[in-house]
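Enquirer: Everything in the sequence shown is counted per the working numbering, starting at 344 for the first residue and increasing by one.
What the hints contain is simulated information worked out from the structure, not anything from laboratory work.
There may be inaccurate statements among the hints.
[Said to hold, decoys possible] In silico PhoX-like pairs for lysine-lysine, Cα to Cα no more than 20 Å straight-line:
no., residue 1, residue 2
1, Lys-546, Lys-461
2, Lys-603, Lys-454
3, Lys-461, Lys-599
4, Lys-579, Lys-461
5, Lys-599, Lys-539
[As the list claims (entries may be wrong)] If you anchor each label on the Cβ, the simulated ranges turn out as follows:
no., residue 1, residue 2, range
6, Glu-610, Met-587, 17 to 23 Å
7, Tyr-462, Glu-586, 16 to 22 Å
8, Lys-599, Ser-576, 31 to 37 Å
9, Glu-443, Gln-589, 24 to 30 Å
10, Glu-469, Asn-590, 27 to 33 Å
11, Val-514, Ser-582, 35 to 41 Å
12, Arg-611, Glu-548, 25 to 31 Å
13, Ile-440, Tyr-462, 24 to 30 Å
14, Arg-577, Trp-523, 38 to 44 Å
15, Ser-576, Glu-441, 19 to 25 Å
16, Val-614, Trp-523, 36 to 42 Å
17, Gly-612, Ser-517, 37 to 43 Å
Ideal Cβ placement from N, Cα and C applies to all residues, glycine included.
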Amino acid sequence: MISNELLSKLNSYVKNIEKVGFSHGEKEINVYFEEGKIIIEQKGQKIAIFKDDQNIYDEIGLLVSKIVDGHISLLPRKKVENLIIDLLVNIIVLSEIEDEEGFSHSQRMAKLAREFGKYIGFSEEEIRRLEIHAYLHDVGKISLEQLMLYSPTRITLFESNYQDHTVMGSVFLSMIDILWEYIPTVRHHHERWDGKGYPDGLKGEEIPYFARIISVLDYYDEITNFISSEWESRIKTPSEAVEMIQNLSGTYFDPKLVDKFVLMMRERGVV
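Please model the entire structure based on the sequences and the hints provided.
Expert: Have a look at this one:
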């Protein structure tokens, strides 16, 4: 357990611990030395590791004291991130319309993102990240739909300013620093390769890479699953959708990504 000698050295708050988040919870904290390092462990799991440097003692103490007193406990940052993402994904999926097989837009997008990420040679970690980008790309629509429930005029405003969801989503995620990685995709997945998209008119490779990928996948899923006047009030077949995406290569979409997407769909027997 924590020795009095160590507690006397660790006497002020931690300013920076990598990969650690905070929450209320049970104590079960152990601090000890191991091979020249200071280890903080909770319930048998290592949650922070520091070099045994006299200079960092002053940065750890108050945190450890608070833990011992039961005021706070530590959770790995990745676990906190996953908990928040899981919560948001569930809210997003529940707010969307299911297809005949019981899947929502975000779920189909995540599945397609996994397939495409694997096809273009992403690592498993990169594929997982792309899946999350796909799940969260329309997170801004949650806020807008809630506003519509309480403001009848908001529906008209939303129809006139459909790009609102990209801005709303980026503002929403900006308040959760652990999810900042996903802001560029949420904000820019409706930019166009020729610079005529929204909300910021980014052009070509100015558009973040994951946003360019999501843009292609989003367009495909929308025109094959949603009836809209933009698609001649008729859902497109997968083959028709791929042809439309090809025709928009270099204007709407990154030509290199379009080529890879078309090849993948051919190998799947879609076209």
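Enquirer: Against this structure, judge whether each hint is valid.
Expert: Tested hints:
no.	hint	result
1	Lys-546 with Lys-461	violated (26 Å)
2	Lys-603 with Lys-454	holds (17 Å)
3	Lys-461 with Lys-599	holds (16 Å)
4	Lys-579 with Lys-461	violated (25 Å)
5	Lys-599 with Lys-539	holds (19 Å)
6	Glu-610 with Met-587: 17 to 23 Å	holds (19 Å)
7	Tyr-462 with Glu-586: 16 to 22 Å	holds (19 Å)
8	Lys-599 with Ser-576: 31 to 37 Å	holds (32 Å)
9	Glu-443 with Gln-589: 24 to 30 Å	holds (27 Å)
10	Glu-469 with Asn-590: 27 to 33 Å	holds (29 Å)
11	Val-514 with Ser-582: 35 to 41 Å	holds (38 Å)
12	Arg-611 with Glu-548: 25 to 31 Å	holds (27 Å)
13	Ile-440 with Tyr-462: 24 to 30 Å	holds (27 Å)
14	Arg-577 with Trp-523: 38 to 44 Å	holds (39 Å)
15	Ser-576 with Glu-441: 19 to 25 Å	holds (21 Å)
16	Val-614 with Trp-523: 36 to 42 Å	holds (37 Å)
17	Gly-612 with Ser-517: 37 to 43 Å	holds (42 Å)
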